[in-house]
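Produce the entire structure from the sequences given, and follow the hints as far as they go.
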Amino acid sequence: MMIFLRNSQNATDKSTLSITEDNVNSYSSTTISTIYDVGQGGASSEPPCSSYTVVNDPSRNIATYGMGGSCDNGLLFNTSIDGRWIRFMGTGGTIIPLTSPEINHCGAYLAGWFNGTLPSIVGTIVSGDVCFNTYSITGAFVSSVSVVNCGSFYVYFLPPVEVCNSRYCTI
Numbered sequence: 001m002m003i004f005l006r007n008s009q010n011a012t013d014k015s016t017l018s019i020t021e022d023n024v025n026s027y028s029s030t031t032i033s034t035i036y037d038v039g040q041g042g043a044s045s046e047p048p049c050s051s052y053t054v055v056n057d058p059s060r061n062i063a064t065y066g067m068g069g070s071c072d073n074g075l076l077f078n079t080s081i082d083g084r085w086i087r088f089m090g091t092g093g094t095i096i097p098l099t100s101p102e103i104n105h106c107g108a109y110l111a112g113w114f115n116g117t118l119p120s121i122v123g124t125i126v127s128g129d130v131c132f133n134t135y136s137i138t139g140a141f142v143s144s145v146s147v148v149n150c151g152s153f154y155v156y157f158l159p160p161v162e163v164c165n166s167r168y169c170t171i
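The opening residue of the sequence shown carries number 1 in this note's numbering; numbering runs sequentially from there.
These are computed hints drawn from the structure, not numbers from a lab. In this text the structure is predicted, and so the values were computed from the model without any measurement. Note that CB positions come from ideal geometry on N, CA and C, so glycine has one too. There are no misleading hints in this set.
What follows is a list of derived Cβ distance ranges for each label pair:
{"hint": "1", "residue 1": "G123", "residue 2": "T94", "range": "15 to 21 Å"}
{"hint": "2", "residue 1": "L98", "residue 2": "S50", "range": "22 to 28 Å"}
{"hint": "3", "residue 1": "S152", "residue 2": "E46", "range": "16 to 22 Å"}
{"hint": "4", "residue 1": "S136", "residue 2": "I81", "range": "30 to 36 Å"}
As structure tokens, then:
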């Protein structure tokens with residue numbers, strides 16, 4: 001029997017309840033990421049603090065080990081305009097890490113981290129690079145990004161990644 005639940009943060013849980021032959025119950029639960037738009041979803045010329053896409057994805061956290069085969073180059077990153085303003089929320093984390101996580105974390109082989117300084121002044125947008133490391137090369141490839149301080153949170157302009165099995169990590 002499959003049960004889908006929605007909690008107060010709009011994250012969907014996929015839960016399974018099974019009953020074995022000897023009438024013993026087992027239960028497992030997996031959180032599925034949630035994505036939704038605020039304003040125009042960060043794909044327009046509106047100010048990024050009021051128009052962005054929210055990503056609530058626990059598998060992006062640097063503590064998540066394993067190659068998930070994820071690739072940040074689909075519709076979420078709006079390939080038609082070379083990126084999208086994204087706000088990370090939830091248990092996966094709210095910012096891109098400022099130091100390099102190990103490879104095979106964040107649900108991908110190549111884990112992305114922000115090689116720059118987060119803006120300290122509200123409304124300020126800074127540019128920086130998200131680096132993706134391999135076993136032998138630090139910053140094997142780099143994505144140029146922007147980040148804005150929105151007061152109590154940050155929003156990132158993130159382009160689609162160039163290499164598959166790469167994704168932006170969070171903490």
